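Participant: Protein chains in written order, with our numbering: chain W, 1 to 316; chain Y, 1001 to 1330.
Think of the hints as simulated: they come from the structure by calculation, not from any bench. It should be emphasised that the depicted structure is a prediction, and the values quoted were computed from it without experimental measurement. Please note: incorrect hints may appear among the correct ones.
Stated by the list, open to error - Below, a list of computed lysine-lysine pairs in the DSS-like style, where the Cα atoms sit at most 30 Å apart:
no., chain 1, residue 1, chain 2, residue 2
1, W, K129, W, K104
2, Y, K1285, W, K308
3, Y, K1300, W, K308
4, Y, K1300, W, K129
5, Y, K1300, Y, K1207
6, W, K313, Y, K1055
7, W, K210, W, K2
8, Y, K1199, W, K129
Unchecked claim - Taking beta-carbon pairs under 7 Å as the criterion, some of the chain W residues facing chain Y (in silico):
no., residue
9, L105
10, G106
11, L120
12, G149
Idealized CB from N, CA, C, for every residue including glycine.
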Amino acid sequence: MKTEVLLARFKMMLLMRRFDETVDRLYAAGKLYGTIHLYIGQEAIGAGICGELQHGDVIASTHRGHGHNVAMGSDPGAMMAELLGRVTGLCHGFGGSMHIADQKLGNLGANGIVGGGVPLATGAALSFKIRELPYVAVSFMGDGAPNEGCVHESLNIAAIWKLPIVFVIENNQYGMSAPVKDTYAIERLSERAVAYGMPGESIDGQDIFKVVEAARRAIDRARSGGGPTLLEMITYRYKGHSRNDPARYRPAGELDAWKARDPIEIVRARLLQDGASEARLAEITAEAEAAITAAVAFGEAGPFPDPKDVLPKVYA
Amino acid sequence: MIQTTTAETLFGKALNWTIATAMETDPNVFIIGEDIGQFGGAFGITKGLVEKFGKPRVLDTPISEAGLVGVGVGAAMMGMRPIVEIQFSDFLVNAMDQIVNQAAKVHFMFGGNVNVPIVIRTPFGGGVGLAAQHSQSLEAWFYHVPGLKVVAPSTPDDARGLLFASIDDPNPVIFFEHKLLYSVKGPMHESIERIPLGKAVVRRPGKDATVVSYSFAMHKTLEAAEKLAASGIDLEVIDLRTLYPLDIGTVIASVERTGRLAVSHEAVVRGGIGGDIIAQVCGSKAFSKLKGPVLRIGAKESPVPYSPPLESYVLPSVEHIESELRAWLK
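Model the full assembly from the supplied sequences, consistent with the hints where possible.
Facilitator: What follows is the structure, encoded as structure tokens:
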């Protein structure tokens, strides 16, 4: 990766991290409603994969969708407004955290149903095939999703029709409180690819360089008519599953061990090694922080939506 | 506009003609389902389409209802107009998440930024010996979900006009086709003219009572009404055609004239659409015109059994509808 590109990814990851850290604080302060599923710790995956996509490509996201949304280029202000339930939000306050989406930028949306977005991404890939368009769909899912029936059905359909799609499992080690080892009899989740007749790879999801390499292979394969790939990204969520989960089920020391390989720090170290100055990195960090501060201000300034707009939105 | 009336067309053929015409007119329309290609679908509705349009637009899927409905929803979000065939409506249950939590919610929860113009066509109902898992009438489940439209035509021409309108509609539509309708004949206009969703039709004008029905039960109800006419009872029979949006206005206007209201469907009475129609009429200005109790006719509260006498006992027959109406009007 060229230094300029890597600097852009670094900034993207910082935006993801600061956005979710800020969301966490706003919740703690009682300023946000509902629940949240934070992406903190998984930034290399969203940034590494979405950064490789081209205009026209699409993604479908998961419960944990803030990071993907930032990675697809959404305005953090409109995202924050959505979480704050304002009409200025990306979904005009109708969706909130779990349904954050930006279809204009190719994000079909976060999904409140585990695995629910996987068929949707597969359908988007089918539309590219029928229309003979050179685009690719990426279907993000957590480690809980591959045990859902519709995910199996979608992988099979994508494989038999050689659809232009990349299935990405973000294995952050827990499906809510259930450790992956208790919900799978296999060691690596990418082993399931064998059953569908598609390539499968398990990748260190903390390391954006490894993520990008795998993403390029899979995206190229999809774009050139080679069909789908299943990528398992091995990662860790620093926070609990959702708002009210202090994650007491995790063994002592586990979080610190993962933090020692923090995805943002890996990028920072590489940038310094490549000759970027501390001053430049500090500048980018300050820009990201300013962007999130502005996002909160934009979000809080927005008016709440008018209840009279609810019923007219039930049908198109 | 081409407007020729063919003498008699089968309901099933009308659907086939409509799908083919829609696919010819709009490259965004495609059809996806189990055994719909060379086999032509379990009920033969898609015969000849794969030969005419080729595999990328007539997609035979693995047995994967959740997957294929979801794939349709995703394609619809990209601006295509998928027609999904679910081989038996009982299997809609396998795809419930994709229908209820995805298709019905996408437009709303994303703030109106994206539409889901999908049509899910599916045979439903009993009367052909397919027993409990292949004979249900689950339309009330879908009627209950904001974000879905529910259509249930009873004639070949309505099947044509309503299917065109369903394909055009920017919302997800569940299109129910009673299995016994496929061999019902009637006139069909070879026309691309749409029948708007949400418009009921009076099939038989009458003055003594209003009977509301739809789909194949409408034919049974009409037959029962003709039998009662011989005994001097003059019933008005309304065919809803679309269940949601529900044309309650036509029902209310009729009840205001007749002063009596019955509903007649094949679905189990409990929790059915008939109960909702009655509630809406009772909540309207027509309530004061009611001269007596209302009546619900439907299946017994049982799964559909296999053996012919058992199946006939559970499902409302013409004779059953006739006797219920006669007793009610006595």
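Participant: Give a verdict on every hint.
Facilitator: Evaluated hints:
Distance hint between W/K129 and W/K104 is fulfilled; the C-alpha atoms sit about 20 Å from each other, no more than 30 Å. Simply put, Y/K1285 and W/K308 have alpha-carbon atoms about 26 Å apart, close enough for the 30 Å limit, and the pair holds. About 41 Å separates the Cα atoms of Y/K1300 and W/K308, which puts this hinted pair outside 30 Å; it is violated. A hinted pair counts as satisfied when its Cα atoms are at most 30 Å apart, and Y/K1300 with W/K129 does not qualify at roughly 47 Å.
With a C-alpha separation of about 29 Å, the suggested pair Y/K1300 and Y/K1207 falls inside the 30 Å cut-off, and the hint holds. Distance check on the hinted pair: W/K313 and Y/K1055 sit about 36 Å apart at the alpha-carbon level, beyond 30 Å; violated. With a C-alpha separation of about 15 Å, the suggested pairing of W/K210 with W/K2 holds against the 30 Å cut-off. In summary, the hint linking Y/K1199 to W/K129 is not supported, as the alpha carbons are separated by about 37 Å, beyond the 30 Å threshold.
At a threshold of 7 Å, the smallest CB-CB gap from W/L105 to chain Y is about 11 Å, leaving the interface hint violated. Nearest Cβ of chain Y to the Cβ of W/G106: about 10 Å, over the 7 Å cut. The hint is violated. This hint holds: W/L120 has a C-beta 4 Å from the nearest C-beta of chain Y, less than the 7 Å allowed. At about 6 Å, the closest approach between the beta carbon of W/G149 and any beta carbon in chain Y falls short of 7 Å, and the interface hint on this residue holds.
Against the hints set out earlier in the document, violations occur for numbers 3, 4, 6, 8, 9, 10.
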